[in-house]
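Undergrad: Those protein sequence lines, which keep their order, are chains E and Z. Note that the first sequence covers residues 5 to 140 in this note's numbering. Note that the second sequence covers residues 12 to 618 in this note's numbering.
These are computed hints drawn from the structure, not numbers from a lab. Worth double-checking, as some hints may not be accurate.
[As the list claims (entries may be wrong)] With a Cα cut of at most 25 Å, we get these calculated DSS-like pairs of lysine-lysine: (1) Lys157(Z) - Lys110(E); (2) Lys46(E) - Lys108(E); (3) Lys489(Z) - Lys108(E); (4) Lys214(Z) - Lys157(Z); (5) Lys214(Z) - Lys112(E); (6) Lys242(Z) - Lys312(Z); (7) Lys137(E) - Lys26(E); (8) Lys469(Z) - Lys110(E); (9) Lys46(E) - Lys110(E); (10) Lys108(E) - Lys157(Z).
Note that the structure is a prediction, hence the values are computed from the model and not measured.
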Amino acid sequence: MTAVFPSEEWLKELETKLNTDKKYGDIAKNWEGDIFIIIEPKGNLTEGLTFYLDLWHGACRKVEFKPDASSRPTPTFTLTANYDDIKDIMTGKLNPMTAMMTMKLKVKGNMGYMMRNVPTVLDFVRCAQEVTKEIL
Amino acid sequence: MQPILKIDLTTGKTEEYVIPQEWERDFLGGASLAARILYSSLTKELDPLSPESPLLFMNGPLSGTAGPTTGRFVVCGKSPATGLWAESNAGGFWGPELRGTGYDGLWITGKAESPVYLWLNEGRLEVRDGAGVWGKDIYQTQDFVKEEIGVKGAHVAVIGQAGERGVLYASIACDHGRMAGRTGLGAVMGAKKLKAIAVHGTKKIPLVHADRYAALRSEANRALKQDNEAKILHELGTAGGANYMEYMGQMPSKYYHQGSFSNVDNVSGAKMAETILTGQSACHACVIACGRVVKLDDGAKRKGPEYETVAGFGPNLLVDNLEEVVRLGELCDRYGMDVISTANTIGLAFHLFEMGKVTVQDTGGLELKWGGFMAARQLVHQIARREGIGEVMSKGSRQFGRAFGAEDEAVQVNGLETAYHDPRGVSGMALSYATSPRGACHNQSDYFFADWGHTYEKIGITYFERHAQAEKAANVAKHQNWRTFFNAAVMCIFANVDPQMQVDLVNAACGLKWSLDDMMKSGERGWNLKRAINNRMGLTRANDKLPKVFLEPYKEGGAAGFVPDLPAMLDAYYDARGWDKESGKPSREKLVELGLGDVAEELWGEG
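Generate coordinates for the entire structure from the input sequences, incorporating the hints supplied.
TA: As structure tokens, then:
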């Protein structure tokens, strides 16, 4: 059974994907940082949603579904977007770089680290897209 | 817009020139308006270094208004490097200060008998003896002039020794290393024996709907401060994208012959931020503050390098020493030379040395080995002084290559050296370079950002994959129109401001009722007028070309195996532009559609 995005099952599938995808493992081998994702309600999503992923050296050490922001006060990056834009990224309709450069995806964190690791970020998105078969 | 002050340096006469209202409406300001004003004087026969050659410093209608990145001015004329249309803009504080004098432009012709500088204080002009400041570098010159005029708050646009000596890529500088670097207008200024222009003014800047403008500019600046790109530029400077550009094969190495540079991080904006950065510097009222302040081991704080300096003196020469890159950039700045052209021409010297076409006999014993920053430093000195091999190198890479039987090796278009954005990594830059009105320029359309994914849906600029070919040609043309609007408003291209906000700002400032279409049409009009100026000066479709190396694939890196299909791209581009494919001129119909009937008659004869 395929998990629907966004759901806890989907997040678990993404965790598995990140830990088994060879390409991601290679590209992200030097990545050290956790990501807090905030999805703002829009379209089919009526309530806001959060994801937490602890990414380390090409693997995903931990995920959390709907964590409270206060429980993760200093993530390496916080990414914020509304649901329609996230949905467009997940379905490949919206290029993630476009989302970032047009402020559909807001980024908070160490920009130096981000710019050194753009390929890792883009491959993380690829993995997320590949586990997204059904969507809310 | 306020009037322009015309100054004839031969006679000392001045005259106030009132800009025709319909030209302001059609061309807005800045470079586009300058093109309209100078249209009749920019002829094929005009020697850019002659007394008759005009030099027009222009503001835009938003200059000095504290709107988003509106602290810039532009200088226009005929380029001694290309023989074509010249424009180059700079930030700092000089443009806003000029506005305060009651003038929005200085139109300079003639030639002084001996070195002079101009002092425009609250609308009163003095031509002052410049003998005491001739020979000084750009920072010394500003200090000297400021001390001599003794007015706090004055700002000074200057040339360095390179402009005095006629280096064809000499720049005009102001404030802390803010450079109008491209197309060699510093040499035009030097040929007029004009060392500096000091301005000071306190007049209120004209805004038709001042309250509305104030509210809009606050909103725009607040949004800009939160923008992802602005944050990157603030934290890392313009070199913040270096790692990603290298990854994609956009950042050339070894004079455009190597598709990757594994030590790129040693010279990246991120590394700079972690090591030598001590602060940021900003142009007038800019919320981004992309300028770098760095400290080297001598303990002195100085300007840090921008991306083009990092790429040009870094990977381009296989140098991975950031401090040496800083020093090379500073040396160019002090002499008043464009870093893009200087580093490119030095890269060609290294390349020709490796090929055996340039030898130690030519260089006076200097070994030009990749990674050799000390040799690069010697070449900067020689170019600025026009000594030794520096004499021919001071004429730019095209003439330098030609002198050694290797013009094809020079990475330039129409005499302007390419910037460090390789079209094999980001294909849109193929058209940007080939069709820019001032040679291989990345600021007439920084299309590489669109190739990364920076779209503007409201004005029809969409996303095409970075290695797409002719299918993106119309998109490039739209992007050029958009940037031509920026260059008319004289705004920094780092202002990631929503297009609707842009047009709202212009409408509030100028009392216009433009739509987004009107704004884009104004950009298209400016682009076509500059093209027509170049056509009159001899440019044809044959000039829309790329350097040989861009048509040879890299073997390694993120752009390996790809080359742009320029003929197909150009055909599609000409279709999108409404240009004649045989002559390379804008069609009569296109010119008439844009309200340029007089230009159509001159290019095509009476219809």
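Undergrad: Take the hints in turn and mark each one as holding or not.
TA: Here's how the hints hold up against the structure:
| no. | hint | in the structure |
| --- | --- | --- |
| 1 | Lys157(Z) - Lys110(E) | violated (44 Å) |
| 2 | Lys46(E) - Lys108(E) | holds (13 Å) |
| 3 | Lys489(Z) - Lys108(E) | holds (22 Å) |
| 4 | Lys214(Z) - Lys157(Z) | holds (20 Å) |
| 5 | Lys214(Z) - Lys112(E) | violated (41 Å) |
| 6 | Lys242(Z) - Lys312(Z) | holds (23 Å) |
| 7 | Lys137(E) - Lys26(E) | holds (20 Å) |
| 8 | Lys469(Z) - Lys110(E) | holds (20 Å) |
| 9 | Lys46(E) - Lys110(E) | holds (16 Å) |
| 10 | Lys108(E) - Lys157(Z) | violated (46 Å) |
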